[in-house]
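Chains Y and B, in that order, are what the protein sequence lines are. So for the first sequence, my numbering puts the first residue at 1; every next one is plus one. So for the second sequence, my numbering puts the first residue at 1; every next one is plus one.
One or more of the hints may lead you astray.
Pairwise CB distance ranges (calculated) [stated by the list, open to error]: (1) LYS233/Y / LYS364/B: 36 to 42 Å; (2) GLU355/B / PRO12/Y: 43 to 49 Å; (3) ALA381/Y / MET482/B: 39 to 45 Å; (4) GLY328/Y / GLU143/B: 46 to 52 Å.
It should be emphasised that the hints constitute simulated quantities derived from the structure, not laboratory data. Think of the CB as a built atom: it goes at the ideal place given N, C-alpha and C, for glycine as much as any other residue.
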Amino acid sequence: MDIKSLVKTLHPLERKIIPFLTFCKTFYDLVEKSMMKDVEVMRALQWLENKEVLKLSESSTQMVSLDENGEKYADEGLPEIRFLKAIKEEMDVNDVAKKAKIEKEEIGICIGTLKSKAAIQAEGKPLKVKVLPAGEKMVESESLEQKFIISLKTPKPFDELAPEEQFSLENLQKRKKIVKVDTIKTKSYELTELGKKLVKEKDLDVELLEQLTPEMLKNNSWKGKEFRSYDIKINVPKIAAGRRHFIREAIKYVKQIWLEMGFEEMEGNIVQSAFWDLDSLFVPQDHPAREMQDTFYLADGKNIAQAKLPEDIAKKVKEVHEDGSDTGSKGWQYKWSEDVAKEILLRTHTTVLSAHTISKLKESDLPKKYFKVGRVYRNEALDWKHLFEFNQVDGIVVGEEATFSHLLGFLKEFFGKMGYADVRIRPAHFPYTEPSAEIEVLNPVKNEWVELGGCGIFRPEVTKTLIGKEVPVLAWGFGLGRILLPYYNLSDLRDLYKNDLEVLRNIKCWLK
Amino acid sequence: MPTVTLNKKVFEKLVGKSLTIEELKEKIPMLGTDLESVDEKEIHVEIFPNRPDQLSEQGLARAFSSFIGVNKGLKEYKVESSGEKLIVEKSVKDVRPYTACAIVKGINFDDETIKEIIQIQEKLHITYGRKRKKAAIGVYPLEKIKFPITYFAEDPKKVTFQPLESKEELTGLQILSKHPTGRDYAHLLEGLTKFAFFKDADDNILSMPPIINSHDVGKISESTTDVFVECSGFDFVVLKKCLNMIVTALADMGGKIYSLELEYDAKEITPDLSPEVMKIDYDYVNKRLGTNISEKEINDCLEKMGYGVKDKNALVPAYRADILHPIDLVEDIAIAYGYETFTPIIPKISTVGKELEIEKFKDKVSDLLVGLGLLEVETFNLTSETNQNKMMLAEGKPIKLHNALNKEFNVLRYWVLPSLLEVLNTNLNREYPQNIFGIGTVFKSKDTDTGVLEQERLAVTLCSDDADYTKIKQVLDFLMRMIDVEYEIKEVENNSFISGRVGRVSVKGKDVAYIGEVNPEVLGNWALEMPVAAFELNLTELFEKL
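This is chain Y alone, in the form it adopts within the complex (with noise of 0.2 Å):
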């Protein structure tokens, strides 16, 4: 950049420095002689640095400067030679002290200095003193440490102290509070090549305007004017935007994926029977996922809530579990217990919901398809890769002609758009689908197969007791978080709902 266009950039703080540049060294000394503020002095210097005008350094100097007594001591002298000049003759020391104005605690202090440099004798009881020649000679030359104190008053580099005045300092370390060293950290800079240049500068005076005001433009004042040219690379502070929470965002492009290829959203609650949520779907009674250690059940005092069953529905439930009834299937083959039917549970899975829906069905509203994105919940202690409150997604296809290679279909372009371009399934088994399948995608970051959840097709015990008939429903459902966690560079599902509100600021947003 020519000079010209660099002085068009300067702020006005940067123009008021620029003249002290050549004759100061720190930013101490810009602050002293430039009369401006230590915020306006730094400010000036780092944005001359980003135009490359100077380099700023920092070092730490040791500092020797006076303390609370060293300073009175540089004005009225030190309290011994202050002594010595008031000793007439032979005295007492307190008549001593009184004439030379000393402290009481300063006494003790000055006769002990004045008689190691042997300046004084001190006898008797009470004590007198006496000057010696070797103190007539200190009283007509002034001392080695006041001359050092004088010239403290001005804080001095430890390394810039002359022999004899470190010696000084070192006889006056041993005092109280007459001197002190500070390690004080000092900026300096350095001009640039552009910088010399820039300080030789005559014309730095060019009227440039600042912020573009209403008034200026009421009054055209600006026409005709040049406008100072920002630094247009500067860092900005951070904006505080209101934001959606990111699940929330993604859960929106899912819902809406669902919602373009024709899909209803199912409603339903969370609490539930063990009926609608096992049951129906018929999971036998002894199955493990009912246990304690898997599934949160509701207190009602000591024991287990119990709910009211749909007295048709149920009676359909306890025959295909007992023997099939008239679905052609042989059922478990165990006696159904309708107390275990009734207790409630937090859902643990949204699929609760699916059975709730064909339940509800009439073979003329088909086909249909539903969805739902919602919480379930699994008795878990909380780690990395478990939590016991989260989100899943479900989806059913319920039609006459629904066939497995749909399923396939359906899961191949949700995943597609969820960002995973390779899906495949593995056989798998869950008590209310067959054939059943775990679904699995390609990590594109990892290059990693992951599990993602299970699909199939409702079994006709199912089927044929809710709806009445034994149509194909399509069936899949699978955890939210592990689908979102490589989209945000996330690897433990608890981060998803820390809300720690640094993150959810400036994590990134849902950008398919």
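We have chain Y; now place chain B onto it with these hints.
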């Protein structure tokens, strides 16, 4: 799900083919099992709960061998009569009413095979046997037993024998407290005055099912060649299946199977290994799968899955416990056909998509709040009573869980505001202002089928050095104006808020929200050092009034 560990060499011998690691990796998951890991020595496989017959090395190898086409079709097992009897006394009826038994002869037991049998037994106990509740299995050396055997129930204080792994004789009752296995399974016999036992013709006790065998007559050694096998439980069909799974595995080890006569009210002979016949509906198969597979190919698929095929009928192996309906044949055909060979199809059937109105409303409300610069948070519906009440100086009645593992999450929330204050509490070192909102489900007691009413609520909290009533009311007012609803606010007392700065908001006569400045004592409970102004709005009820 249980895992089975297979010795690769033994497995290959049973399958009848040597297999590369690549082949195993590719084929095992496609059979309907989860491959955990495989190396040159061992194969670890997870078995799905519908295939307990694959819990033995023999069972899995049998399935795999036919799946890859080495030994296709129904594997037939001959059963000869042993001529022996087992008497079932009526006393067992209310205790553990059924047993199914068999004799297997001519097995060369060594250390490995003994271990293998114990493994099969244990895995079946845990899974198909539902931890011995539904079925318990006993295997005994035949040479120590004198027939007929009697299955009977008796006062456990009156029956004494030396159980396995015990140095002394104990009564049936003592076993439950003194023997480790007895302690583990004592709950299965809770409340019973009589326990079930097996004894032989010399009155030697064989075992006390489902707990433990006798040390004398119930322990297999390397010198054993012939065994007596029994399964006991509550459902004869289940027990017969269970027995079939074991005896076929023993037969695959080289044994010969013999049946026994069981004297119930009517006579029964077990085991019965004749296949069950199920008609193959070829159209049904193709209709469900969306394929056009020929009859011949379908038959071939069934044979690959270990079925026999005769006159358009499938012969279902007697050890399969999971074939309840023709749809179960369809799945096995699909597995043999290969899940990877199906073509994904999106059917051209039109249906109309529809989003729930309340969900659309929730979205709209959220978008409006985002426009005001608020940040949405996602909180759990599960929380603790302390968070809901004590921290808030509130006294509501949250719905409690019966069996929550974690005490910090053992109730369902009845309001959302505490969840938001908890979020503020975990963000003390983050930049202010912290203006957030969250929509969540709340749960209240109500006369419904489950006794619970669920509603959707919105909570908004403004947290900054200048958060006050005016600012929070501006948010509520904006929201109400945007959805074109008139509202009223009246004075109210609510401990969670500052007295005189809290209001009850109603729409068309229905109370729908609380609004106010949060009580400094509540803020202190949450360690918040910034004022918070908040409202909580019942979206379900507001939506009904729109």
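What are the numbers of the hints the structure violates, in ascending order? Failing hint: just 2.
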